[in-house]
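Asker: First to last, the sequence lines map onto chains R and W. With this note's numbering, the residue at position 245 of the first sequence is 243, and numbering never jumps. With this note's numbering, the residue at position 340 of the second sequence is 338, and numbering never jumps.
Heads up, some of the hints might be wrong.
Note: identical chains are not told apart, hence a pair may lie in one copy or across any two.
[To be verified] As a list, the in silico DSS-like pairs of lysine-lysine whose alpha-carbon atoms are at most 30 Å apart:
#: 1; residue 1: Lys138; residue 2: Lys89
#: 2; residue 1: Lys208; residue 2: Lys324
#: 3; residue 1: Lys351; residue 2: Lys324
#: 4; residue 1: Lys208; residue 2: Lys88
#: 5; residue 1: Lys30; residue 2: Lys212
#: 6; residue 1: Lys116; residue 2: Lys396
#: 7; residue 1: Lys301; residue 2: Lys116
#: 8; residue 1: Lys316; residue 2: Lys396
#: 9; residue 1: Lys382; residue 2: Lys324
#: 10; residue 1: Lys21; residue 2: Lys207
No lab work stands behind these hints: they were computed from the structure.
2 protein chains.
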Amino acid sequence: MKKLLLSLCIFSLISLFASAQPKPNLESIVQKHVKNYYADLYDFMVLPSNAHIKEQIQPNLDWLKKAFEKRGFSTEALPTGGHPVFFAEKKPATPTSGPLKTLLFYMHFDGQPVEPEKWQQESPYKPVLKKRGANGQWEKIDWNNLQTGYDPEWRIFARAVSDDKGPILMLLAALDMMQKESINSPYHIKVILDSEEEIGAPHLAEAVKKYKEKLAADFLMVMDGGRHLSNEPTLTYGCRGIATITLTTYGPKTPQHSGHYGNYAPNPALRMAQLLASMKDEDGRVTIPGYYDGISIDADARKILAAVPDSPENIRQKLGFAAPDKVGANYQEALQYPSLNIRGLVCANIGEKANTIVPEEAIAEIDLRLVPETDPDRLVSLIKKHIEGKGYVILNRKPTDEERLKYPKIVTLTERESRMLPFRTDFGIYPDRWLTAAMMRTFGKEPIKIRMTGGSVPIVPFLRELNLPAIHVPMVNMDNNQHAANENLRLGNYVEGIKTWMAILTQEQVK
Amino acid sequence: MKKLLLSLCIFSLISLFASAQPKPNLESIVQKHVKNYYADLYDFMVLPSNAHIKEQIQPNLDWLKKAFEKRGFSTEALPTGGHPVFFAEKKPATPTSGPLKTLLFYMHFDGQPVEPEKWQQESPYKPVLKKRGANGQWEKIDWNNLQTGYDPEWRIFARAVSDDKGPILMLLAALDMMQKESINSPYHIKVILDSEEEIGAPHLAEAVKKYKEKLAADFLMVMDGGRHLSNEPTLTYGCRGIATITLTTYGPKTPQHSGHYGNYAPNPALRMAQLLASMKDEDGRVTIPGYYDGISIDADARKILAAVPDSPENIRQKLGFAAPDKVGANYQEALQYPSLNIRGLVCANIGEKANTIVPEEAIAEIDLRLVPETDPDRLVSLIKKHIEGKGYVILNRKPTDEERLKYPKIVTLTERESRMLPFRTDFGIYPDRWLTAAMMRTFGKEPIKIRMTGGSVPIVPFLRELNLPAIHVPMVNMDNNQHAANENLRLGNYVEGIKTWMAILTQEQVK
């Protein structure tokens, strides 16, 4: 019995040693303090931060400097080719001895432009608290309600409140609460706050090259974007890239009367239709040989994909179609493949403006969503080879008169916009297991794991430049009207976000 | 010898009897008198006649009444549902005994609207005489030059001078010259001058029903349009009709992010491309079974078609393509078949406005040029059957939300504009032989015979309502800028037009 007690004592001592401080009850800490952080939130949200308007950036940098320095961080505004990016870091009093020592967090404080007339409030830059009324409409309620409690379904409406100032505010609140509760993080924390994300982060990769040593870390977490539609806790391991091509086919060099030349002058819309139709089957699968080469989804990944609680029926109802394309066995699987999507197609006019002509050209805009296995150069060259196989000469400009007379079938193929690259972090690596543990501490259950989200983010060059494992930790409600009018943040997500930050910053090393 | 002389005398007497008056030398008559008719021309051309502007019509009716009554015609302004049409007729002093007794001529005095700023002269309603300068540009010359002679390559520039007031003025000049030279026409001449042709002749068929007895005739000649591109004398025996259909295919009911839904939400542009591509082959031939049924071009017709002096190389150079579609063996043959031409195709946006979306719908505007063998109802039903064969449900309106969820493939098919019918008069019938003889007297050679022109004219319901043989006698130069700025009439065509009118009005019966 004594021996047993001794063993227990030793075990307890070891445990105590392993975690230097008793495990904090995150939930009670957040609930105790949260009402003190709405003032901070309000103060930051009233600062416009549209990256198109240079003068709006500096006040945000000033505010951030003060906020992070108050929490013991050293800060810098790092010059770039565009607006400066904000950098803050804090070393731990007692460093961890595990494999993860330095954590880098990426967020952005710039917000989308606004169209104030579309907002149902005085100004997008004057935060408003709303609850959903009996008729389903959002109704303004007094901000001071937040001092006596909150309903997780209430929302704060303001530009950038979810994309992406909210997560920054959650971090600041979490750091403050930890200070108040004397909870230390054993990690060297680095925070980089972008000022140009909403304009495509054009200078970020270059800045990373320049500040690579400063940003060095063991693991990068991107605290941006919305959770899974179900609003369940979510981690995202990758996203597709994008390349955009433009195809043009040609008819007569000026539009011709369709009576006089219909049946004689070649029709560019028919050419384009025949070309596009030849690239995919009835179910939306690309039929160009080799297009999907290199993609293999193993049984484990397939299991994780299948575990995402998507509702095909909800998507179907929401989007309004009878049956989806059949590129993957389900929605998540479809996103693991590159796409070949006709995003625009125009030849002459329709409706009241339609003329009885044989038009001169047809233009198709196509986007290829890229996955890590599909090099965009290879995809574009496969498309070119396919088009040439249909008897076309491919040019990278309009044909000359001589070329029109010489080649019966001409396509102009250009790339319209700069490419964005894909990224994907493997499931099961150490940072994944560590982060998953933090999420389980926060929510008491496994997060939804998104292997690859369909959209593209401008910070991928940054992720790739740093060459370290990266996982997105989306915190806000997906239905936040991001990029549109009436952007909002659900209070339940705000509070859970603070808790998530505390869990991550205090997460012990895992096995 | 005596017997022979007697025979010759009797023969001469008979000949004299057969043609009551000596055969006039049309060329010398025209050359002698033509300089006296430019004043008339000027007077009529200064009257605007845009059918969209009601007040412009009456002064033209007044002018025509005076002009025709001066030439011994009785006239009427026949009320219709729109502007009145002008009618004039004159019975012969000595009627012909042959099969053709009454000739009906259709022309129109209304002209296209004008954009004065695009005209290289003070006003489209102030006729200007021009010659082509050394640099190929048209240069104004003094109107009085016409009093001392003319160069056939000079042109008169004014709205409606070729389309279609010119032929009316040629008739008036011809009638006057015949009066001066005491040449009578043995025909009952009826002239109907439309006031709404350029706005689609919406009330003409109805007016014909009402005035059918007044318009009764043995042969209808339509003195409108331009000669063959070669400017050689031309007769046109028919024209294609037109029906327009609009197809719409559907994707998600609102545009979706192509990252999130590319590979999953069906793409309407792909659907449309696949549908359109399935309707025609690589050479532009319709592959829908039965589409060309009923059309057969016999050896004689094929010979006449082949005799039209088209230059495929000129068309190719002018339009700028390497090879034409292969519906017919040559250009004229292509026009004997119905077309299925994509005149407009739009799905979302292109260029700077392109978004990375899966669009919600694709719309194709299609025109079917009709020939007499192809009932438009039959063609449209063949197209419908073809689309249904591809697994589509066809609606005549947008689908409801329920239908979107129920049917994987939906097409909306509507007819956008009212149809225009085709017409064709057979080669070799009596009026053709008679008119050809008149043309040979005018020009000393066979006219080019166009079996069917590609375009559609709004007066076909009128032709069909009258149910009599009809042939177009185009008189003006084809490069007359009809419907555009700087409309003009070549003086050579004006003079030959007067001669053509005299030849027709004095043409004897043929065998």
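Asker: The structure should be examined with respect to each hint, and the outcome stated for every one.
Answerer: Here is how each hint holds up against the structure:
1. Lys138 to Lys89: neither (42 Å within a copy, 88 Å between copies)
2. Lys208 to Lys324: Classified as neither: same-chain Cα gap 44 Å, cross-chain 62 Å, threshold 30 Å.
3. Lys351 to Lys324: between (36 Å within a copy, 29 Å between copies)
4. Lys208 to Lys88: within (21 Å within a copy, 96 Å between copies)
5. Lys30 to Lys212: neither (36 Å within a copy, 100 Å between copies)
6. Lys116 to Lys396: between (41 Å within a copy, 28 Å between copies)
7. Lys301 to Lys116: neither (43 Å within a copy, 69 Å between copies)
8. Lys316 to Lys396: between (41 Å within a copy, 17 Å between copies)
9. Lys382 to Lys324: both (24 Å within a copy, 27 Å between copies)
10. Lys21 to Lys207: The answer is neither: 39 Å in one copy and 98 Å across copies each exceed 30 Å.
Checked against the numbered hints listed earlier, the structure breaks hints 1, 2, 5, 7, 10; every other hint is satisfied.
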